[in-house]
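Asks: These are the residues of each chain, in order.
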Amino acid sequence: MIERPHRGALISAGTLLGAGLGGFVDGIVFHQILQWHGMLSSFVEPVDLVTTKYNMVWDGFFHAFTWILTVAGLVLLWRAGQRSNVPWSTRTFAGSLALGWGLFNLVEGVIDHQLLGLHHVRPGPDELAWDVAFLVVGACLVAGGWALVRAGRLDLTARGVEPTRPVPKHVHEFLDAPSSSG
Amino acid sequence: MRRLIRSTVFVVALATTLMMPALALACPDCPTARVVRATVFAGPFVPQLVLLSIPMVALGVIAAFLHRIGLAERTTPALDREPER
Numbered sequence: 001m002i003e004r005p006h007r008g009a010l011i012s013a014g015t016l017l018g019a020g021l022g023g024f025v026d027g028i029v030f031h032q033i034l035q036w037h038g039m040l041s042s043f044v045e046p047v048d049l050v051t052t053k054y055n056m057v058w059d060g061f062f063h064a065f066t067w068i069l070t071v072a073g074l075v076l077l078w079r080a081g082q083r084s085n086v087p088w089s090t091r092t093f094a095g096s097l098a099l100g101w102g103l104f105n106l107v108e109g110v111i112d113h114q115l116l117g118l119h120h121v122r123p124g125p126d127e128l129a130w131d132v133a134f135l136v137v138g139a140c141l142v143a144g145g146w147a148l149v150r151a152g153r154l155d156l157t158a159r160g161v162e163p164t165r166p167v168p169k170h171v172h173e174f175l176d177a178p179s180s181s182g
Numbered sequence: 001m002r003r004l005i006r007s008t009v010f011v012v013a014l015a016t017t018l019m020m021p022a023l024a025l026a027c028p029d030c031p032t033a034r035v036v037r038a039t040v041f042a043g044p045f046v047p048q049l050v051l052l053s054i055p056m057v058a059l060g061v062i063a064a065f066l067h068r069i070g071l072a073e074r075t076t077p078a079l080d081r082e083p084e085r
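Protein sequences appear in the order of chains A and B.
Numbering of the first sequence is given in this note's numbering, commencing with residue 1 and proceeding in unit increments.
Numbering of the second sequence is given in this note's numbering, commencing with residue 1 and proceeding in unit increments.
Honestly, the hints are just simulated from the structure, not real lab data.
Fair warning: there could be bad hints in the mix.
Residues from chain A shown here face chain B by an in silico Cβ test under 10 Å; the list is partial [stated by the list, open to error]:
| # | residue |
| --- | --- |
| 1 | L21 |
| 2 | G23 |
| 3 | V110 |
| 4 | C140 |
By construction, the Cβ of each residue, glycine as well, lies at the ideal position given by its N, Cα and C atoms.
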């Protein structure tokens, strides 16, 4: 008996982990290393020590939420690894990571940057261009991740099983054909 | 061995020197920290926290949706067949 594969378990785990890691990249690169913006820098511009520390506190809350996403992804990944009907596909997982990172850029970009206006990627005369670039990178990651996840549909081997080459379609048809011997 | 110890001492001393200003600024209860804390918690703290959590909640909902439905499976007749009893 072949159990129906449940790929959603691995996809959701990868998506949450990708979103969490994408959030950490945002926080580490844009907030801390480059210091282009803080979490609420459109409301309280970081111009002195107090306002910088104020934004730093809210960056901390942002990182805390991102950490929760990452832990949720890890829990789902662990649970997916314990199930026998979850195909353990590198393509599906890598695609889901990219999908999650891209979704983070899109969701955070649309909600925080455009709708709520909490901050912009690089405030200044070209802030719209930087915001759009952030969204475009997110869309590219979603498209690439989606393509990888779709390619991973051919991988049907569960975790702990020696990986085999995908079964070609004509072999499936041959196996499903009614037996002539009765 | 002696060279290794000297190098280690040098690196530790250099790191300590570089970190001193940061340590001096990271004051848990100096006047600046008290002002920052008061500003954060005296303002609209909860609404801002809710605003901050919206994208994360949205991502969680998307992940739950993906967990529930996955993505469309390629048709595999062998998998669609009813199991033998």
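Asks: Next step is simple, just say for each hint if it's right about the structure.
Replies: Verification of the hints:
1. The closest approach between the C-beta of A/L21 and any C-beta of chain B is roughly 12 Å, which is over the 10 Å cut-off, so the hint fails.
2. Satisfaction of the interface hint for A/G23 is found here, the shortest Cβ-Cβ separation to chain B being roughly 8 Å, below the 10 Å cut-off.
3. Evaluation of the A/V110 hint against chain B yields a held restraint, the C-beta minimum of about 9 Å falling below 10 Å.
4. The criterion of a C-beta within 10 Å of any C-beta in chain B is not met by A/C140, whose closest approach is roughly 18 Å, and the hint is violated.
Comparing the model with each numbered hint stated earlier shows that hints 1, 4 do not hold.
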